[in-house]
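Student: Just so you know, we're using my numbering here: the sequence shown kicks off at 132 and counts up by one.
Watch out, some of these pointers could steer you wrong.
Stated by the list, open to error - List of simulated lysine-lysine pairs, DSS-like, C-alpha gap at most 30 Å: (1) LYS147 with LYS258; (2) LYS258 with LYS190; (3) LYS147 with LYS190; (4) LYS190 with LYS255.
Said to hold, decoys possible - Restraint-style ranges between C-beta atoms, simulated for each label pair: (5) GLY170 with ASN239: 27 to 37 Å; (6) THR206 with VAL132: 14 to 24 Å; (7) VAL132 with SER240: 35 to 45 Å.
These are calculated hints, taken from the structure and not from any lab test. Idealized CB from N, CA, C, for every residue including glycine.
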Amino acid sequence: VATRIVAASNSLLTGKTADYICDGTADNVEIQQAIDSLGSNGGVVYLLEGTYNISGSIKLNNTAPNDSGKALIGTGAGTVLSVSGSGDAISAWDVNAIFISQLRINGNSSGDDGISFIRVSNSKIDKVWIENMSNQGIWLSRRSSGSMGGVGGLVIGVIMGSLNGWIYGLVHGILSAFC
Numbered sequence: 132v133a134t135r136i137v138a139a140s141n142s143l144l145t146g147k148t149a150d151y152i153c154d155g156t157a158d159n160v161e162i163q164q165a166i167d168s169l170g171s172n173g174g175v176v177y178l179l180e181g182t183y184n185i186s187g188s189i190k191l192n193n194t195a196p197n198d199s200g201k202a203l204i205g206t207g208a209g210t211v212l213s214v215s216g217s218g219d220a221i222s223a224w225d226v227n228a229i230f231i232s233q234l235r236i237n238g239n240s241s242g243d244d245g246i247s248f249i250r251v252s253n254s255k256i257d258k259v260w261i262e263n264m265s266n267q268g269i270w271l272s273r274r275s276s277g278s279m280g281g282v283g284g285l286v287i288g289v290i291m292g293s294l295n296g297w298i299y300g301l302v303h304g305i306l307s308a309f310c
């Protein structure tokens, strides 16, 4: 499995093990580069502990390269995506087999949704902390204007959140457990 490691500007291991090192400004750019560098065969992007300043969405979609089969995994609550603008922290659409785990999203009362899944199937969100979003913590949708798709086979594991860290969506086939 292809693997990329991304370090925040304040990660303890910056430069020692990371393929990509963020500078503390628009860190979504380096994270997106790591995701895109995996190509269309899937793989894992590991985010080391630290704060990643996100000024735009981290995108997982079906345009080249197709992001189905990719994972975005942090080290736990110490991996923080700090949103500093509008838009979703993580946005996925028209893909399957996505895995997001072990990270904290702080919307700083400005980010739209923490995680947005549109027509995503057979995927898992687990051990994610979401707080201070201006809209939903997790948005799940099975359609867009003019078309119907499906959202199913999703597993949502342990999600912890505060103000607007809740899940919203019209979906089917979802197994969830909340703390």
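Student: Each hint: holds or not?
Tutor: Against the structure, the hints come out as follows:
Simply put, LYS147 and LYS258 have alpha-carbon atoms about 26 Å apart, close enough for the 30 Å limit, and the pair holds. Proposed proximity of LYS258 and LYS190 is supported: the alpha carbons are some 20 Å apart, at most 30 Å. Taking the CA atoms of LYS147 and LYS190, the gap is near 26 Å; set against the 30 Å cutoff, the hint holds. For the hint pairing LYS190 with LYS255, the CA-to-CA distance comes to about 16 Å; that is within 30 Å, so the pair holds.
At roughly 33 Å, the beta-carbon separation of GLY170 and ASN239 lies within the given 27 to 37 Å, and the hint holds. The supplied range of 14 to 24 Å is met by THR206 and VAL132, whose beta-carbon atoms lie about 18 Å from each other. A C-beta distance of roughly 37 Å is found between VAL132 and SER240, which places it inside the suggested range of 35 to 45 Å.
Checked against the numbered hints given earlier, this structure breaks none of them.
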